[in-house]
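Just so you know, we're using the UniProt record's numbering here: the sequence shown kicks off at 1 and counts up by one.
Errors might be hidden in some of the hints.
[Claimed, not checked] Computed list of lysine-lysine pairs in DSS-like fashion (alpha-carbon distance at most 30 Å, straight line):
1. Lys85 - Lys37
2. Lys83 - Lys31
3. Lys37 - Lys73
4. Lys83 - Lys27
5. Lys73 - Lys31
6. Lys92 - Lys76
7. Lys27 - Lys65
8. Lys76 - Lys37
9. Lys92 - Lys37
10. Lys65 - Lys31
11. Lys92 - Lys73
12. Lys73 - Lys83
13. Lys27 - Lys92
14. Lys83 - Lys37
15. Lys73 - Lys85
16. Lys76 - Lys31
17. Lys37 - Lys27
18. Lys92 - Lys31
19. Lys76 - Lys65
20. Lys65 - Lys83
Everything labelled a hint here was simulated from the structure, so no lab data went into it.
Nothing here was measured: the structure is a model prediction, and the numbers come from that model.
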Amino acid sequence: MTEGFMMTAISIYVFTIVFLFFYVDLKECIKSYLNLKYQMARIEYMNRVLGCMQAAENLDEPISKELSEWAEKELKGFLEEEKAKEEAQTSKVV
1 MTEGFMMTAI
11 SIYVFTIVFL
21 FFYVDLKECI
31 KSYLNLKYQM
41 ARIEYMNRVL
51 GCMQAAENLD
61 EPISKELSEW
71 AEKELKGFLE
81 EEKAKEEAQT
91 SKVV
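When you get a sec, could you build the whole thing from the sequences and use the hints?
What follows is the structure in structure tokens.
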């Protein structure tokens, strides 16, 4: 009776440890996937902003001052965030 109980306890213990490792790994995978989707959405957004501005320039349509300032501000913010991320990655490596 004691041997059966010990085997059951060990099995439950091992299963719990394996499950926790799997959960932590799965959690990291999901976090990485969501971060990648977020980055892709940001890049697509900036491509659309720049595409609209380029299309307006090619059609010789006047771009309102507000739209131009907004797009410039968005682009600067995007580039600053990318630069900060690059510096953070560089500092992690060093």
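CA of Lys85 to CA of Lys37, is that 30 Å or under? 16 Å, holds
Can you confirm whether the C-alpha distance between Lys92 and Lys76 stays at or below 30 Å? 24 Å, holds
Does Lys31 sit within 30 Å of Lys65, going by the straight-line distance between their CA atoms? The hint is violated at about 39 Å.
Is Lys76 within 30 Å of Lys37, Cα to Cα? Satisfied, since the Cα-Cα distance of roughly 21 Å is no more than 30 Å.
Between Lys37 and Lys27, does the CA-CA distance stay at or below 30 Å? 15 Å, holds
Hint consistency between Lys83 and Lys37 [alpha-carbon to alpha-carbon, up to 30 Å]: Holds - the C-alpha atoms of Lys37 and Lys83 are around 19 Å apart, at most 30 Å.
Take the C-alpha atoms of Lys27 and Lys65, compute the straight-line distance between them, and say whether it is at most 30 Å. The given pair, whose Cα atoms are some 45 Å apart, is violated under the 30 Å limit.
Holds or violated: Lys92 with Lys31, Cα cutoff 30 Å? 19 Å, holds
Satisfaction of hint between Lys65 and Lys76, Cα-Cα up to 30 Å: 16 Å, holds
Take a quick look at whether Lys27 and Lys92 sit within 30 Å of each other, Cα to Cα. At roughly 22 Å apart (the allowed maximum being 30 Å), Lys92 and Lys27 satisfy the hint.
So if I understand the rule, the pair passes when the alpha-carbon distance is 30 Å or less; does Lys92 with Lys37 pass? 23 Å, holds
Given the hinted pair Lys73 and Lys31, is their alpha-carbon gap at most 30 Å? 29 Å, holds
The structure does not agree with the numbered hints 7 and 10 stated previously, though it agrees with the rest.
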